[in-house]
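S.K.: Could you build all of it, start to finish, from the sequences and the hints given here?
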Amino acid sequence: EAAVTQSPRNKVTVTGGNVTLSCRQTNSHNYMYWYRQDTGHGLRLIHYSYGAGNLQIGDVPDGYKATRTTQEDFFLLLELASPSQTSLYFCASSARGRNTEVFFGKGTRLTVV
Amino acid sequence: GEQVEQRPPHLSVPEGDSAVIICTYTDSATAYFYWYKQEPGAGLQLLMSVFSNVDRKEEQGLTVLLNKKDKQLSLNLTAAHPGDSAVYFCAKGTGGLSGKLTFGEGTQVTVIS
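Note that the protein sequences, when read in sequence, are chains S and Y.
If you're matching positions, the first sequence starts at -3 in this note's numbering and goes up one per residue.
If you're matching positions, the second sequence starts at 383 in this note's numbering and goes up one per residue.
The hints are simulated quantities; they were obtained by calculation from the structure and are not laboratory data.
Please read all numbers here as calculations on a predicted model, not as lab measurements.
Cβ atoms here follow ideal geometry from the backbone N, Cα and C, with glycine treated the same way.
Please note: incorrect hints may appear among the correct ones.
Where chain Y lies over chain S, by a calculated footprint (3+ residues, C-beta under 8 angstroms) [as the list claims (entries may be wrong)]:
#: 1; stretch: 38 to 46
#: 2; stretch: 90 to 103
Have a look at the derived ranges for each label pair, beta carbon to beta carbon [to be verified]:
#: 3; chain 1: Y; residue 1: E384; chain 2: S; residue 2: L51; range: 15 to 23 angstroms
#: 4; chain 1: Y; residue 1: G398; chain 2: S; residue 2: V8; range: 40 to 48 angstroms
#: 5; chain 1: Y; residue 1: T460; chain 2: S; residue 2: K102; range: 27 to 35 angstroms
#: 6; chain 1: S; residue 1: S3; chain 2: Y; residue 2: G383; range: 29 to 37 angstroms
#: 7; chain 1: S; residue 1: R5; chain 2: Y; residue 2: P390; range: 25 to 33 angstroms
#: 8; chain 1: S; residue 1: A(-1); chain 2: Y; residue 2: G383; range: 26 to 34 angstroms
#: 9; chain 1: S; residue 1: D55; chain 2: Y; residue 2: R389; range: 17 to 25 angstroms
#: 10; chain 1: Y; residue 1: P391; chain 2: S; residue 2: G49; range: 39 to 47 angstroms
Not close to chain S: a few residues of chain Y, all C-beta gaps over 12 angstroms, as computed [said to hold, decoys possible]:
#: 11; residue: Q442
#: 12; residue: K453
#: 13; residue: Q490
M.R.: What follows is the structure, given as structure tokens:
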């Protein structure tokens, strides 16, 4: 069964801290995405990738780095976390194409205090 | 860039009644449009997708209308039941990728028994 697994599911860090969110997909998909969800904004695309070693900038990339180490694994890095990055983060994967199914993980709730 | 505005942010619906959620988008490009459902602690579940050459689509108690003249997408839930209580998001595909989406702000639907 197609799956996108995010870890950790919950994370609390301090301002200025270093955080890595992990995402693994077992769907053999080329494309992976990181979104953040905030009340009043819906989901907004941070970064995405179309394969190992590739990184594309999304709509709200400031303060975030990402790395795609393998086809399965996509990481989101916050090197100097700020309270404004407190959010619910979703990873997703899809095959190539305009109407292929998109699989979302269950989300990581990050709190920056 | 593309913007999607979704209304209302909250909707209370008596069980058995219908509810309508409306999204207004800005760009006119040919695209796929999507409706997602989010339940607490879960990822996003795709309800329906429509291509921009479609005006109306019905599936399993849901009706999606696409008014290209007014740049509006709507979701009609008929005969609401408690399992319909969730957050609903509209989204528009961008950049030719199914996972590269511009989301509306979301609508919290509560079905009242």
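S.K.: Hint by hint, where does the structure go against what was stated? Just the numbers, ascending.
M.R.: 13
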